[in-house]
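If you count by the working numbering, then the sequence shown holds residues 27 to 82, one letter each, in order.
Some clues are possibly wrong.
[As the list claims (entries may be wrong)] Cβ-Cβ distance ranges computed for the label pairs, FRET-style:
{"id": "1", "residue 1": "Ser-55", "residue 2": "Ser-78", "range": "23 to 29 Å"}
{"id": "2", "residue 1": "Pro-28", "residue 2": "Val-76", "range": "18 to 24 Å"}
{"id": "3", "residue 1": "Asn-60", "residue 2": "Thr-37", "range": "25 to 31 Å"}
{"id": "4", "residue 1": "Pro-56", "residue 2": "Gly-35", "range": "26 to 32 Å"}
[What the hints assert, rightly or not] Below, simulated DSS-like cross-link-like pairs (lysine-lysine); rule was C-alpha separation at most 27 Å, straight line:
{"id": "5", "residue 1": "Lys-50", "residue 2": "Lys-32"}
{"id": "6", "residue 1": "Lys-32", "residue 2": "Lys-48"}
{"id": "7", "residue 1": "Lys-39", "residue 2": "Lys-50"}
Honestly, the hints are just simulated from the structure, not real lab data. Glycine included, each C-beta is placed from N, C-alpha and C at the ideal position.
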Amino acid sequence: LPDPEKFTGSTYKFDTWLPLIKAKLRVDSPVIENEIAQFYYIYLNLDSSVQSIVLP
27 LPDPEKFTGS TYKFDTWLPL IKAKLRVDSP VIENEIAQFY YIYLNLDSSV
77 QSIVLP
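Let the sequences and hints guide you as you build the complete structure.
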């Protein structure tokens, strides 16, 4: 699966972004296999303004 667009914090886009990121983790689980790798994959698919909220 292709990488989803970065999540920018827009509430209305979250409902489509979340299923895409979940599908990506499920399909690519052989490559993104452990929880730490999954966290950083999701973190890198967040806009920097949202990243600052996740890791203060």
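Hints, verified against the model:
no.: 1; hint: Ser-55 x Ser-78: 23 to 29 Å; result: holds (28 Å)
no.: 2; hint: Pro-28 x Val-76: 18 to 24 Å; result: holds (20 Å)
no.: 3; hint: Asn-60 x Thr-37: 25 to 31 Å; result: holds (30 Å)
no.: 4; hint: Pro-56 x Gly-35: 26 to 32 Å; result: holds (30 Å)
no.: 5; hint: Lys-50 x Lys-32; result: holds (13 Å)
no.: 6; hint: Lys-32 x Lys-48; result: holds (14 Å)
no.: 7; hint: Lys-39 x Lys-50; result: holds (17 Å)
Hint check: no violations occur; every hint is consistent with the structure.
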